[in-house]
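From just these sequences and the hints, can you work out the full model?
Those protein sequence lines, which keep their order, are chains A and B.
So for the first sequence, my numbering puts the first residue at 9; every next one is plus one.
So for the second sequence, my numbering puts the first residue at 45; every next one is plus one.
Think of the hints as simulated: they come from the structure by calculation, not from any bench.
Check each hint, because a few of them may be wrong.
What follows is a list of derived Cβ distance ranges for each label pair [stated by the list, open to error]:
{"id": "1", "chain 1": "A", "residue 1": "H467", "chain 2": "B", "residue 2": "G66", "range": "23 to 31 Å"}
{"id": "2", "chain 1": "B", "residue 1": "Q139", "chain 2": "A", "residue 2": "E431", "range": "27 to 35 Å"}
{"id": "3", "chain 1": "A", "residue 1": "P434", "chain 2": "B", "residue 2": "G66", "range": "45 to 53 Å"}
{"id": "4", "chain 1": "A", "residue 1": "T318", "chain 2": "B", "residue 2": "Q368", "range": "51 to 59 Å"}
{"id": "5", "chain 1": "B", "residue 1": "Q338", "chain 2": "A", "residue 2": "G337", "range": "37 to 45 Å"}
{"id": "6", "chain 1": "A", "residue 1": "L107", "chain 2": "B", "residue 2": "Q326", "range": "30 to 38 Å"}
{"id": "7", "chain 1": "A", "residue 1": "A443", "chain 2": "B", "residue 2": "R453", "range": "34 to 42 Å"}
{"id": "8", "chain 1": "A", "residue 1": "G337", "chain 2": "B", "residue 2": "Q139", "range": "37 to 45 Å"}
{"id": "9", "chain 1": "B", "residue 1": "A161", "chain 2": "A", "residue 2": "E399", "range": "23 to 31 Å"}
{"id": "10", "chain 1": "B", "residue 1": "R62", "chain 2": "A", "residue 2": "L107", "range": "51 to 59 Å"}
{"id": "11", "chain 1": "B", "residue 1": "R453", "chain 2": "A", "residue 2": "G250", "range": "47 to 55 Å"}
{"id": "12", "chain 1": "A", "residue 1": "N291", "chain 2": "B", "residue 2": "G340", "range": "25 to 33 Å"}
{"id": "13", "chain 1": "B", "residue 1": "R62", "chain 2": "A", "residue 2": "G133", "range": "51 to 59 Å"}
Non-contacting residues of chain B with respect to chain A, defined by C-beta distances greater than 10 Å in every case (computed) [as the list claims (entries may be wrong)]:
{"id": "14", "residue": "Y72"}
{"id": "15", "residue": "T144"}
{"id": "16", "residue": "H309"}
{"id": "17", "residue": "G310"}
{"id": "18", "residue": "E418"}
{"id": "19", "residue": "A437"}
{"id": "20", "residue": "P448"}
{"id": "21", "residue": "A449"}
{"id": "22", "residue": "D464"}
Idealized CB from N, CA, C, for every residue including glycine.
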Amino acid sequence: MIDRRTVHDLQKMLGKANVITEPDDLIAFEYDGTIDRGWPSAVVFPTSAEQVSEVVKIAARDGLPIVPRGAGTGLSGGALATEGGIVLVMTRMKRVLELDLENRIAVVEPGLVNLELSKAVARHGLYYAPDPSSQKACTIGGNVAENSGGPHCLLYGVTTNHVLGLELVLADGEIVRVGGWGRERPGYDLTGIVVGSEGTLAIATKICVRLLREQESVRTLLAIFDSVNAASSTVSAVIRRGYVPAALEMIDRVCIKAVEPVLHCGFPLDAEAVLLIEVDGLNEFVDTAAAEIENLCVEFGAREVRQAATKAEREKLWAGRKGAFGAFGSLFPNYYILDGVVPRTQLMRVVDEVYAIGERYGFTVANVFHAGDGNLHPNILFDERVPGATEKVLEAGGEILRLCASAGGSLSGEHGIGLEKREYMPLTFSAADLAAMKTLKSAFRSEPLLNPCKAFPAHAGCGEVGLGSHGAQLLAADYYV
Amino acid sequence: MTATAIAATLRETLPGARVLDGGALDGYELAGVRPTISVRPTSAAEVADVLRLAGERGWALAALGGGTMLDLGNPPVRLDALVDLSALNAVVDYQPDDLTLTVQAGVTLDTVATLLAERGQMLPLDVPLPRRATIGGALACDAAGPRALRYGTGRDLVIGMQTALPRQGLARSGGKVVKNVAGYDLAKLHIGGLGTLGIITEVTFKLWPSLAGQGSLVATFDSLAAAHTAAQQLLASQLFPAALELLGPRAGAALATGSRAEPEHGQWLLAALFLGAFDAVQRQTRDTMTLCTQAGAPVVTALEPEQRARLFDGIRDYGRSADQAAAVILRASVLPAQTAHAVAVLEALTLPEADMPAILARPGRGTARGFWREAPAAGAHAAIAAARAELAAIGGHLVVERAPAALARTIDAWGFAAPDLALMRRLKQAYDPDAVLSPGRFVGGL
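In structure tokens, the structure reads:
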């Protein structure tokens, strides 16, 4: 699979310990958070932008694709080496390089774990806002690649709203800084383009983010419903009436049944759905807003609304929300999570249909999602050891994606298209739209080197067995002519 | 191809589009370069047709919105026709319950504001001259105003975009939902791209509810340093102003005249705007007044709603409206905590034979603008170059947003050696290989 000279050059540059080629070791990098697999030829652990640049040059020379990877928590197959090649693991570049308290910005390396950044600045009363459920494990670099969201992105925005500038390694190995550590800089917004590009355009080696001041007061409400429909229509009403809470999350019965016995977070086992609603800001605002939202929940059918009285209670509720995916394991060995988005007025109808699709295919579906954004996370629970189950799950997932698209929505709110949703792109984008996106890739000259065959419909050259000599020729034509 | 021949081709190919030439184009110079023709397509598809034709025939085009920011950028090296987008003025889809809005590029900011106000919603882009300024133009120029502090700029509000591309026709990115990572976020290229990679034809925004409580205050300070310190203290606190503006003595005198906040000679003003729940706004106004007093402000005044609207609208439009147009506008950008430094550089920037500048700064975003009413004599280059060098030393830069033709033709408006210029050039090459769109107008001569 991989040339001895390639391995030798990688080892010489990175040190033997930082290059993995043995099958027994590679197996740990065969998967990410999805149900697909991809077998790399080598896995490398660079510690500097210069090393990343050298790896890129070696890979280009030898016709091997590069798949950048953070913690491997991705949920779209973006970090899988489906075409073989080198998996570039960024987790050893995890320093906070600069902390500018006056301007409330930090410059970090991509391998830094999301939550570690907030922890590192907490003593200054600051935090980093985007908070994916996997924030204890996922890296800021991975967040940049996927333009990750999280529960609190409803009010505070997703990753792209918090990244000011990047240092990038381009496909020719050049190290270049884009964007600015300041806000307003002339030129094309290359930072905005690279965030969310799923590792297909460039590899980020430094990330400048803005930090937010911790709020004076935070209030978390748990609204309990006897029907999912009532919970959905409450979400639409909250938005329609002009409230933008910091977070507005829905957790359904199946999910409660999985989570509560394990995490004891206070979700009533007999509820059909709960809404987890958080408001933050000044004391005066939080009191008023919490009371008004509580009334609204009751008006739209909540049987009970509880307010977390202490920080510990609040954290318990959130532990239930963020730990939901892990808890599915108590119900079924596997789950397949979707990430479609629909207009918020369509929530009730679409959620209904999602359950119906699950039923039609004979699967249990658990919904736990960012309701305020209209960002659904239906989890199809299954057992991959049952012959044909995985194929059927993917089919059901496809139907849910089609449903979101036909409701005027999107295939992905925060997980990315990656490998698993690439063939669905034509549902929401025309050939002309996709061609314009391809033009961007051609300007970065990153095809087929950087994370090939991801995020867009597969084309000739995307196979199961790596680029091989044909790929090398493509690369040679692109880089050395 | 002569102007007459271009006009004839356009009339023949696009019979529905209005084609103008001659005197009708008075007042539409781009950084001093006068177009000879304008064409007014009636649909996005016709915009794409014009771009395709231009590529085939070798014409150079520039997009025209409300014509309020035509001075931005360098003079294009070629310009055959303006593409007037005023006929693309439809509200395509307004979904108040979803807080989303889709409009064509030629819709004015004022039209949008009026429409949304009926439903208690807003698009918080404070673009100068909203009655003329269009959505497409505002985004292409990345125009922002006071409330950018809280709501961000175009890049934070746009969720979908359709553009006409020179070789590739109409293309969309994003969509109509507020959270979306499918496909490349191509809108980012066109926001602030000054129409050099494509022409924006339609945009979808996420909206914000208008907030019931509004409060504002103005504090006077005897020095720039004192005003700036108060601003930074406020920004570091748990209060969150929706807007925070620093006004130099001349801008303050012009904008706060007749109000109780009118500054005495040489005083600096700090104006803060708070939006939100009524109680929270009251508390923030009160706490900020205390903060300013403790920071040494001799006078701190809460503003009445009518005064507030006049002040913040005045800040938004300063130096842009026809009756008080500035001859020169320079924008300095630095890190927020260094705003006072940028202001000091502008204050010290003497343009030969021009007046002293009026200064407006946004300390939460690190921008400061100087406005000169009088056109400078020859030799302004050296003064601007010196200011640029000083700003560059702290990682900042200075953009010439407006200058008289003689100066605009001979100075680089951007003055910025972007480290990623090579990559930007590749983008321009990829999307506009025939250099149809405002060649030379953008950073680095793109």
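Violations among the numbered hints, reported as their numbers in ascending order: 1, 5, 9, 15 and 22
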